[in-house]
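Engineer: Generate the whole structure from the sequences, applying the supplied hints.
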Amino acid sequence: MAQGVPNVNAHVLHPENWVDVYADQLYGFVCSRVTDAIVAEDIVQETFLSAWKAKDTYKGDASEKNWLYAICKNKVIDYYRKQAREVQNQMSTLADSGMFDAADEWNIAARPQDWSADKNVESKEFYRILELCKNRLQELQQAVFVLKYMDEMESVDICKELNISSSNYWTLMHRAKLQLRGCLEKNWFNY
Amino acid sequence: MGKLMYSCKEATYLISKKEEGRLGLFQKLKLGMHMSMCRFCRGFERQTRLLTGRLNKLQQQPKELSEEKKKEISELLNQ
Numbered sequence: 001m002a003q004g005v006p007n008v009n010a011h012v013l014h015p016e017n018w019v020d021v022y023a024d025q026l027y028g029f030v031c032s033r034v035t036d037a038i039v040a041e042d043i044v045q046e047t048f049l050s051a052w053k054a055k056d057t058y059k060g061d062a063s064e065k066n067w068l069y070a071i072c073k074n075k076v077i078d079y080y081r082k083q084a085r086e087v088q089n090q091m092s093t094l095a096d097s098g099m100f101d102a103a104d105e106w107n108i109a110a111r112p113q114d115w116s117a118d119k120n121v122e123s124k125e126f127y128r129i130l131e132l133c134k135n136r137l138q139e140l141q142q143a144v145f146v147l148k149y150m151d152e153m154e155s156v157d158i159c160k161e162l163n164i165s166s167s168n169y170w171t172l173m174h175r176a177k178l179q180l181r182g183c184l185e186k187n188w189f190n191y
Numbered sequence: 001m002g003k004l005m006y007s008c009k010e011a012t013y014l015i016s017k018k019e020e021g022r023l024g025l026f027q028k029l030k031l032g033m034h035m036s037m038c039r040f041c042r043g044f045e046r047q048t049r050l051l052t053g054r055l056n057k058l059q060q061q062p063k064e065l066s067e068e069k070k071k072e073i074s075e076l077l078n079q
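Those protein sequences? They're chains A and B, same order as listed.
Following the numbering used here, the numbering of the first sequence begins with 1 at its first residue and continues without gaps.
Following the numbering used here, the numbering of the second sequence begins with 1 at its first residue and continues without gaps.
No false leads were mixed into what you were given.
Capping the alpha-carbon separation at 20 Å, the derived lysine to aspartate or glutamate pairs in DMTMM-like fashion look like this:
1) A/73 x A/42
2) B/3 x A/105
3) A/119 x B/45
4) B/71 x A/20
5) B/57 x A/151
6) B/57 x A/131
7) B/57 x A/152
8) B/30 x A/105
9) B/69 x A/42
10) B/63 x A/20
It should be emphasised that the hints constitute simulated quantities derived from the structure, not laboratory data.
Fair warning: this is a prediction, and the values are worked out from it, not measured in the lab.
Structural biologist: Listed below in structure tokens is the structure:
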């Protein structure tokens, strides 16, 4: 659409319906990104409050739903960033304990086994265990996972958003993967 | 010059970087050499790819925000 021409198809906001229409959806969205339910509730609340304050700047380019989701996503990243600030100093204590021996080769118990093909990795139960294992990760490890594999961001952008160094990023990613696959192997593939 | 072979710890660390095309030629060759000889690290790569590829299915969960919280938010918005 040409600039300056009033957009007759512009979306409009209906703040009076927000809670009824979007509260559960947004809460479900946040719960897939944050482990603590109380934190998730607060993020939903902050989303609505920020949206309310910003409603006069809404131009109607994005649908109401997409606009609220964008605000919500930013709230989640704000939360991650706060976590990153706190954890930054303890990076070295987040050990990949027990996975590798003194020569940095796999410890026998931690060696990846061949996952049997008869375990259905599309079943509901599989996803339940995957979620459980994801939630066991330390919050910042989850953060890089979510941004990389759910939101499909590039590592450079994730580092910028969370204000972490790239070496911290790769370390978080490495440990998150080690733990996630170890957890699945134990709890789903039962080795 | 570093040692000729990567350890398993180094190899599994570099796999994520490789995924994003962030390895130099020499690193890529060294990693390839390790991977061709180590079935555990190959397993690690296969398995983590399987898992991370399924993470986005956890994206949107059917959840309900508590009625109390909804009421609280509604009240805040109507002030």
